[in-house]
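Here is how the chains run, residue by residue.
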Amino acid sequence: MSAVRHLYVHVPFCAHRCGYCDFVTLVGRRAGHGAYVDALLVELELERGALADRLETVYLGGGTPTFADPDELERLLTALPRAEEVTVEANPETVTPDLAARLRGAGVTRVSLGAQSFQPALLAVLERRAGPDAVRRAFYHLRDANFDNISLDLLYGIPGQSPADLERDLAEAIALGPEHLSCYELEAKPGTRFTHAHGEELARQAEAMEGYFERVVETLVSAGYRWYETASFSRSARQARHNLAYWHGRDYLGLGIGAVSTVGSLRWRNRPGLGAYQRALAGGERPPREEERLEAGVKRRERLMLGLRLDEPVALADVSGAVDGEALARMERLGLAERRGAALVLTRRGRFLGGGVTAELLAESPAKSTIS
Amino acid sequence: MSPPDRIRNFSIVAHIDHGKSTLADRILELTHTVSEREMREQLLDSMELERERGITIKAQAVRVTWRGHQLNLIDTPGHVDFTYEVSRALQACEGAVLVVDAAQGIEAQTLANAYLAIESGLAIVPVVNKIDLPQADPQGTAAEVAELLGEDADGVVRISAKTGEGVEAVLDAVVERVPAPGGDPAAPPRALVFDSSYDQYRGVVAFVRMVDGRFSRRQRLRAMAAGTRFEAEELGFFSPDRRPTETLEAGEVGYVVTGLKDVSRLRVGDTLTTHESPAAEPLPGYKDVKPTVFAGLFPTDSDEYPALRDALERLKLNDASLFYEPETSQALGFGFRCGFLGLLHMEIVRERLEREFDLDLLVTAPNVAYRVLTKAGGELEVHNPSDMPREVELVEEPYIRATTIVPKDYVGSVMELNNDRRGRFHHLEYLSEERVLLVFDLPLAEIVYDYYDQLKSRTKGYASFDYDIVGFEPGDLVRVDILLAGDPVDALSLIVHRDGAAARGRLLVERLREEIPRQLFDVPVQAAIGSRIIARETIKARRKDVLAKCYGGDITRKRKLLERQKKGKKRMKQVGSVEVPQEAFLAVLNLDGERK
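Just so you know, the protein sequences line up as chains A and B, in that order.
Numbering-wise (my numbering), the first sequence opens with residue 1 and increments by one.
Numbering-wise (my numbering), the second sequence opens with residue 373 and increments by one.
Derived by calculation from the structure, the hints in this document are not laboratory data.
One should not assume that every hint holds.
Cut-off 25 Å, straight-line C-alpha distance, at most; resulting in silico cross-link-like pairs (DSS-like, lysine-lysine) [said to hold, decoys possible]: (1) A/Lys299 - B/Lys939; (2) A/Lys299 - B/Lys941; (3) A/Lys299 - B/Lys662.
Computed list of chain B residues with no C-beta within reach of chain A, every gap over 12 Å [unchecked claim]: (4) Ala920; (5) Lys921; (6) Gly924.
Every residue gets a Cβ at the ideal spot worked out from N, C-alpha and C, and that includes glycine.
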């Protein structure tokens, strides 16, 4: 088993749970940040054997990592292994000049800023705390601290969002000139407060907003971004290397509550409870977790599913047995997928329908009809 | 054993709900065949469905004793679809009790049954029932019946089967007016099979009328038309339970346990004789009943195909007139093309399959049998629209003579409906000042499609309707195909008159557009006659179908999501490249029912 080169660290703390969020987050426990960082570092030591000497990427996600006590965050960052790309997720209202400088000083190379929108009314629907000015301010603080790799998150399909609203958001984002953009359609995830409040409205407007995805892609591509993944856009060499590792099917180690690791044929997810996590690690034990054994066939199916999100071809050799040959022929006829040499890639239209096309292409398991 | 002059064989015939079964119940009670305590409502109708629908599907025979006479009461099916079975049951009798509701008067099936009985040469005992009802008009109804039979109104027995009033007089009238059976006790044995049923343990049980000679237990018998041979494992009669006897004598009605495992080897109308002294000629009137209405039956879950096959096999054991053969539809998968004696027969079979066998079915639009002359000069009979050649010289379709009885205020509505349905007026006659009998010739296909509901709603339920098939006539009929993305959906093809083709096509195409979810590509939905498109809609392609994000934390979940999606596609029916959910077919196939 080759050593793992990608590390994810989950920092669950948030000032407030946004209505649409379904991540593992903890609200209002500022006092506990130190204990959590302690636990993370014990877990790191327990798993260190799996890690390569030199990591390619580290990613701090949340939650809101930048909501954590700045001293604790700094302690965590300093203790983590070095890597070529170190990303921290940040909410605009948490980014001060001091924090930006500290992140930079602690080796962070990239910040992913949760902007979501530049319209106050839409931000209010999302229950985001930062206004549009806070987004811009945070962005400039990061630039001032010499961050040359900033990503903005945008949401579209927000209840009440008109096509003009979307154009304005995109224009504002482009004007800031981030190296990377992630644009997600707002999903009404079951069980969230947001779905309860806005689910029906989202369903009603679904048809009217059907063209938003196309508009996002067209606008960003003509502004010079590369649509390199379903929801991701980058200036030439500034792709999210950590995320690319997922999409390329690389192994990764995840630390923290709810974090997922995939190493070889084993995937495990730490349970989301904070108490049990910290108790186990305080005793030097691994935290409670659920394991999933990944058969070779499953790995190849995931490889197909993840690979088709990218604009680069997937080598057929890597997904042998995972592709329904009949469906592939059909998708090719429909101009949604194409074979390029010994590789498979979705066409532009195929990428807009990537979910449906991938579902078609996935062979039944165990594979009945496959291509070699 | 009774001497033939002490035997009376009779049926009770009536329009639906005029009280046939209640009268039968009272007769069983009055003759102490069944005690009151044992009396179950409508004992003779043993199937759940029959009781619910108030109709009798399978004929049965019960022997009762009345003032020293052996009376055999032969029950008959009460619906047009089973005319042949009724005619055989009547053939086993010398008399018929014609029951007419004193509040309703003569209805379409009263006429049909009366004519059948008269044609069979039976003595008729006319009875006016329900005289206890406040709205009853015994006088007027008796006059109507007397007029119909050309007899005196005094001869009409007035009863209430419900209270029992007058029922003794009915039995006395049967003894007096119905002749004793003829037939030659010394001649080579001949018995008419007028019904059969299937017993799980003893095989086919034939209901017979001994015409000549006698059968004895353990005798070797032969069905003359089918050529089937078997041993009479048991003989006897019903009263109302099975009562075994050593012999069946000329003039008697009873049953024969055959041990046969297949009801189709002993068809209604066949003649039984003995192996040792066979009759030279069978009894007249045997006919191989042919189905008139056809439909494809498909399990909604393809895994239930074997269950459907087993269920049809079991129904067929008791219903020789049910026809089925495997059918493979590109759209609906494996199923059966079934032939029925009529629409009611189809409904009964379908309901029994769903209710007694717990099957979920997709039933294609019913169609009739067409006679086709091809361009090449060949002739064929088409039971399935998708078998209709696109190029034909001539198509003939079955015609019926339809009798409708309505209050005079609705004559216009019925005329209009029948004219819309390509009907040809035959004649009209006043049964009384209020009630009119209308006779039209109509293509059977027009009855199959939403006719009964229309008739009912346009006459507020007052119309009674009956028909006979009278023959085949050429029609300007076309095959309409429904195409999805250019591929025909075989299960939705239909044969319609050219004038109605565009409207039907449009209706189907619009409905499909609404019901089929958007796909990864534009899907044209078309109705076509040959290569000519008569209606078209487009299901626009989806523009976006992506899983918004997928990072390390939710790969498993997203994979399972896509796998489920792929599995869901398997449950869809595939037509060419288009996935059609079951519900879309259901909605389209149910159009007939909804179009009111």
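Hints violated by the structure (numbers, ascending): 3, 4, 5, 6
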